[in-house]
Amino acid sequence: MNDKITESVDSLLERYGDPELRMKELFRNYNLSLELIKNVTNSQDLLDLILREYLDRFDELPGKDFVHPTEGTFSIADREKFRSLVMFATQAILLKENAEIFHALEQNNQELIQTTEELKRANEKLKKMNAQYLNMLGFVSHELRSPLISILGFAELLDENLLGSLNEEQSKAIKVIMRSTKGLIDMIQNYLDLAKIEQGELKIKPKTLELIHDVLLPTIEQMREQFVKRNMAVTVESSTEQMYVNADEELLKIVLVNILSNAVKYGEENGKVEVVVTDRDGFCRVSITNTGIGVPKEELLKIFGKFTRLDFQESQCSRGAGLGLYNTQCIIEHHGGKIWAESEYGKWFRINFEIPLLLKDVQKIQSEDCLVETQNSSTP
Amino acid sequence: MKNAQRPLRARGDNSNAKCKKVLIVDDEPEIRAMIKETLAIDDYCILEADSGENALAKVLSERPDLVLLDVKLPGILDGLDVCRQMKHNPHTRTIPVFFVTAIQLPPERLKLATPDEVFIKPFSPISLLDKVSEVLD
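Chains A and B, in that order, are what the protein sequence lines are. In this note's numbering, each number is its position in the first sequence, counted from 1, plus 316. In this note's numbering, each number is its position in the second sequence, counted from 1, plus 22.
Hints should not be assumed to be uniformly reliable.
Stated by the list, open to error - Each computed DMTMM-like pair below joins lysine to aspartate or glutamate, with the alpha-carbon atoms no more than 20 Å apart: (1) B:K143 to A:E459; (2) B:K133 to A:E566; (3) B:K133 to A:E526; (4) B:K153 to A:E541.
Source of the hints: derived by calculation from the structure; they are not laboratory data. All values reported here derive from a predicted model rather than from experimental measurement.
With the rest of the complex left out, here is chain B (with noise of 0.2 Å):
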């Protein structure tokens, strides 16, 4: 019922300057490629990040409206510490956080990062577009 309200999107139409901008985080291709895929659904504006760094240089620069955080990724900064430091800064404290992670983490760990939602890889894509457009729309 749901699929049947969406239309088949344009391809390649997210150059619309009131898009919502996602920024999707995650250090594999293809799991980026596959939530891209899947956002694209909506015409949201994908932006992408492969590392915890990249991700927080992004959330600063370019003002995501959601970020799809996975949590384990390479470097120093993984993305509890990347959820953490978005909301302990006031500028960026509002931006909802999703985390689409392979491993399920302690709730202890979860209350002190304080991520909007969870998903648990694997996940149904069409569960995560419906979240997003119910924060986002």
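Extracted from the complex, chain A is given alone in its bound form (with noise of 0.2 Å):
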């Protein structure tokens, strides 16, 4: 018998599923009542009602020749019974306590569930808000190029002069002019930028580039005139002659140039630049260093973040949208590559950014078919 009892304990240990499932199937074999254990809430409290309620119905429980334990002395197989007994009431607490974790778990659940609902759909709308906030920063920025474009090339032709010379105070004027609006147009340029690449238009298109002369060169090419104009000069240096890359060239283009005008707007007047590109580890990495004030290390990671201005730039030049940097870390990491900033404050400043070199089986194909051709042009 008392193996019976501690049998049925023991499977329904065993059992797994719903504590409270269980706990009832426990109570059902012991004719017990959980009318009785409602109310419950501690342990010791439950232990003592299922051990008074058992010694209360002792004789009625199987097995017939148990005397009670209150009114003479225990036999060994009483011994046994109410051993079982206080097993039965352990096991009953560990599974009231059991049930009421796992009715916890399932309100806590039920909350997540609820809230993961809710933050999907707070999600959901935040998404659409920013994708017509990018719409709409996309069109007023498209919109007002146009006219500040105009502006520009007639302040250049006062400045020139070719409207009619213009005295001292006037010709002034017009470089403050013309100052303005090319940022303003800078700026609205980034803000293009980043309403593509945000809504994900600037879907990376790549392809096999030749870093060096397919895009830094031309892009230096391109800005030469600002470098003039601030007397700094660009020296490019490279571990190689070619460095091929599998990589969007118009966003690379961006890329460059947003590094390079920021050497131009924060280096120092008749500084230098200097562009170095080395071979790292199947990395093509390009490190851009200009001479200047920099900036103080504890700026350093903010440079990159959205609509970030360092304050200690605000006197030295005009705004800007503080995106050029941000766009130009996303396309980098979308490229599966990282970009990052150094700087001796009053010295020098650097951004590097590395992004994956082609294999190597197919650079040496393509330097090879580079030396046929070459080889072919000398020999007529």
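Please assemble the complex out of the two chains, which come individually in their own frames, going by the hints.
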């Protein structure tokens, strides 16, 4: 009999599933009403209650030859029976506690599901709002661009005295107009880039590029005028003649234009801009360093933030969107690369970025192609 | 130095029958006005169009000596289409075309259209004027 009791407790223990269901089964086995323990909150009370109930109905329990523990001495069988009872009570307590935890967990889970749903809805709404905002940003920027380009053009005609001679004050005023307008056009370009990047419009269209001759040198050439105006010397150095990457040409140009314009804007007049291209374990690293005030260490990480303008720069130059380097970082990350900044405050500032190099054999084939071409062109 | 060689123009004096005709194609009136003002310095005759369709019509009817063409244009034909069609037509093939565009064009698209020169907005009006006179004078 004792075996039977223990066995049924054990078999219940082994069963998995809803603890409350298990408890109901356990109680049914022992003819105990669940009502009894409904209001019991602490384990000791529950144990007392179950033992009391059992002692009251001791005689009805399976097995005939037992003596009531309060009326006589315990036989060995009684001890066994009593031990089983205690085990059952302990089991019941554990199960009740389990049931409570289970319910609490279930409730938490329900709440979590609800919260997740709410968050999902809120997220959808935000995404929609962001898309609308980007749309508007793109539209407004585009609409502003043409009039500003026209203003800049007219200002330049005036500045060159092509629409009549200007006196010194007028000439100064025109220069201010030109500088501000250029700043606005740059800013708008950044907004347009951002809108495109974030709307996913600028999906990467990668192709095989030779970074130095296809992208870097043409971009520097395109910006030559800007460097000349600030009397900055630009040098390009590379560890190898060619550097093949699989990248989007247009996006890579935006990256270089953004970094180089920053060098023009924040670098020192009559200073130097050094571009160094190196091969780093399967990555092509481009480091662009300019002499000048640079950025304090604690501000270095901030410069890639969206809409970031560093306080100490405010006095240095006209305002911008604070988007150039954010866009740049987005593009580099889309290419599976990384970008970071270094500076020695007061002396120099450097932006480094790395993008994956094309596999060696692909490169080799391509450089062999080039070789063949040059040989062919020189033979006739 | 260059500017010293350029006498101040006589305003509105582009009725000269011998003057070279430049067609400015841009849907933005402000941009057309700015380019017009720039070219007027060297006394070119100005024609204007605000869409690809109008541009092609003017190219055929007026036979300009040069076309300054925006790439992004409203309507069916954009600047690339206009340029391609001009370069495929034996009657208009020799007319030089300068793209004046805000968008950086991928080289493969440029190769298809084969413009003679590309100016990215914002451009320096002086450099445009220099290039125009280099081609026309």
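Quick rundown of the hints versus the structure:
1. B:K143 to A:E459: 14 Å, holds
2. B:K133 to A:E566: Since the Cα atoms of K133 of chain B and E566 of chain A sit roughly 15 Å apart, the hinted pair holds (cutoff 20 Å).
3. B:K133 to A:E526: This hinted pair holds, its Cα atoms lying about 19 Å apart.
4. B:K153 to A:E541: 16 Å, holds
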